[in-house]
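**Student:** As a plain string of letters, each chain reads:
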Amino acid sequence: DSGVTQTPKHLITATGQRVTLRCSPRSGDLSVYWYQQSLDQGLQFLIQYYNGEERAKGNILERFSAQQFPDLHSELNLSSLELGDSALYFCASSAAGANQPQHFGDGTRLSIL
Amino acid sequence: AQSVAQPEDQVNVAEGNPLTVKCTYSVSGNPYLFWYVQYPNRGLQFLLKYITGDNLVKGSYGFEAEFNKSQTSFHLKKPSALVSDSALYFCAVRDISTGRRALTFGSGTRLQVQP
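Sequence order for the protein chains is V and A. Under the numbering used here, the first residue of the first sequence carries the number 1, and numbering increases by one thereafter. Under the numbering used here, the first residue of the second sequence carries the number 114, and numbering increases by one thereafter.
The following block holds chain A by itself, in its conformation from the complex (with noise of 0.2 Å):
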């Protein structure tokens, strides 16, 4: 079964610092990963995935993601923090040795930036 951890429930950071959300994941074959952003009463926003080749990934708003295969990690990054990115983050795994389509979440993690 695969499954996906964020450890922490909220970060906070000082507007301008760097910021990272973290996210750990399990599957038996080889992941495609997959982070997502919510705003209050709107639905899941893209972000950024990981499927294969560079571990660096980027993505949307200035975010990006470091793909670790042996730490089974895919930690969202930003080094500047605003604001506006404050929300809720999700983390979403497939495991595509299952041919299941459907992303398993993490619990989420809320991002709280400081003016």
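Only chain V is shown next, with the shape it has when bound in the complex (with noise of 0.2 Å):
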């Protein structure tokens, strides 16, 4: 077990409607990560939180948005959604330090209809 925690673990929706996904870190962590993990595109990092601000942003579409909030867990909320939004959506957290390793929770698998 992470520690980590993604809820929910399925997500079944159609084309154009919204979803949120809740990630809680591990505890101690501030940093917080969303990976998205398709069959054509692999592991795609799309943004990083730390103690709730943004930190980076990687291959995160303008439809995706997420928040970390005081209690250091995070939403990733996407919008308009499309048939290709279909996938694996990670959260990992992290302890202070760049050589500290990523922890990852179990996923929320997100299908589109």
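Calculated directly from the structure, the hints in this document are not laboratory data. The structure displayed is predicted, hence computed values, not measured ones. Accuracy of the hints is not assured; some may be wrong.
According to the in silico footprint, chain V covers these stretches of chain A (three or more CB under 8 Å from chain V) [stated by the list, open to error]: (1) 142-155; (2) 158-169; (3) 201-210.
Idealized CB from N, CA, C, for every residue including glycine.
Starting from the two chains in their separate frames, assemble the complex, guided by the hints.
**Tutor:** Here is the structure:
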């Protein structure tokens, strides 16, 4: 058990809809990262938050946004969903320091019908 | 830009034999390197990391990896494979000179250990 909790585990919705994915980091970790895993594009970094502030952006679409709350949990919001957004979305957290590994949750599998 | 290459989509090995999963990287500065394993319907699980120092790094479940700066490689190894090692393995890099904390992952290598 990594200590990172993601909910829900599965999400099925339709094109054009909006969903929110939730992540609780390991106790004490201030950094949260979101990744998308798909068959055609592999694991892609989306966005990072550190102690409530956005730190880095990767290949995140404008239709996607995220935030980290004072209790350090994070939410990834996906809107105007398209079929191509179907993927596994992972959250990871890490302790401070560039040499610290990231610890991953079990992901949310998003299916767009 | 940083990148990682895992040249083999799949590696097959018999139980009890040594295994190697290959990884090469490209960064402009000094790398931090990581190996993760993913089992079906699970998240990525951290195995080991290279930060600095000894080129041979030991990690979880008997895995180790060898950092080779001249060949820009970080191959994952295990002396004796188990059927339970069958999973998807990812190599990842972080270029510390950029200050970027996010990891860049390779495409993954599926390890199949036959009984």
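**Student:** Each hint should be assessed against the structure and marked as holding or not.
**Tutor:** For each hint, the structure was consulted:
1. 142-155: holds (count 5)
2. 158-169: holds (count 4)
3. 201-210: holds (count 3)
Every hint from the earlier list agrees with this structure, and none is contradicted.
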